[in-house]
Amino acid sequence: MTQQGAITVERMNGSAAAGAEEAFRLVYAEAFAEPPYNETADDVAATFRRFRSQTRKGTFRAALARAEDDEPVGMAYGYPLGPNTGWWDQLTDPVSDDMRREDGHRTFGLMELAVRGPWRQQGIAHRLHETLLDGIEAERVLLNVHPDSKAASAAYRAWGYRKIGEARPWEGADLHDVMLLDVR
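Mapping the sequence shown onto the working numbering, position 3 (from 1) lands on 3, and the numbers just tick up by one.
Note that these hints are calculated values from the structure, not bench results.
A few of these clues could be false.
Pair ranges (Cβ atoms, derived) [to be verified]: (1) S15 - G82: 16 to 22 Å; (2) E22 - G135: 22 to 28 Å; (3) R49 - G82: 16 to 22 Å; (4) P94 - A6: 42 to 48 Å; (5) R106 - S15: 23 to 29 Å; (6) Y37 - Q122: 17 to 23 Å; (7) T92 - Y37: 16 to 22 Å; (8) G135 - R56: 34 to 40 Å; (9) D93 - A41: 18 to 24 Å; (10) D69 - E21: 28 to 34 Å.
These figures come from a predicted structure and were not determined experimentally.
For glycine and all other residues, C-beta sits at the position ideal for the given N, C-alpha and C.
Turn these sequences into a full structure, and let the hints guide you.
Shown next, in the form of structure tokens:
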């Protein structure tokens, strides 16, 4: 693996991301195998069952970073939250009805953002984030981050996110920080 050379970041719709699933899977599996996530092959398989469903959403968007040799080095994806999203129900402390109001346009849910180890601290995560969010019509972006992922938490804060609560994003999950970025 190389850290040299140009990195390209491509924005994709759902069908393009579905066609590049193996690249997304490679980045995800490598990045989230590390502490504090420690994801197993079964965890990765479950994530990519959801990924296949998510890429079929008309509002899904993704960004994929590749090295000059076409090797995937980073990825990000998400979509606007619908009116019946369960995201707000996962918070340990309830938020106001106004905060949790969703209409399919108000909040973009950033589902995943990851960069493989050898390519970190080169601004790739920020480029992925900017490419993913460029031109969205949402008022805000919502994400969950493991509080022990100090680099990710620091990056999100530097990009303007603020912690609004804590949640267990799935049954048995560690407590995650829920962060919000106002984009309007």
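Now for the hints, and whether the structure bears them out:
| no. | hint | in the structure |
| --- | --- | --- |
| 1 | S15 - G82: 16 to 22 Å | 20 Å, holds |
| 2 | E22 - G135: 22 to 28 Å | 27 Å, holds |
| 3 | R49 - G82: 16 to 22 Å | 19 Å, holds |
| 4 | P94 - A6: 42 to 48 Å | 47 Å, holds |
| 5 | R106 - S15: 23 to 29 Å | 25 Å, holds |
| 6 | Y37 - Q122: 17 to 23 Å | 21 Å, holds |
| 7 | T92 - Y37: 16 to 22 Å | 20 Å, holds |
| 8 | G135 - R56: 34 to 40 Å | 21 Å, violated |
| 9 | D93 - A41: 18 to 24 Å | 34 Å, violated |
| 10 | D69 - E21: 28 to 34 Å | 20 Å, violated |
Violation of the numbered hints given earlier is confined to hints 8, 9 and 10; the remaining hints are satisfied by the structure.
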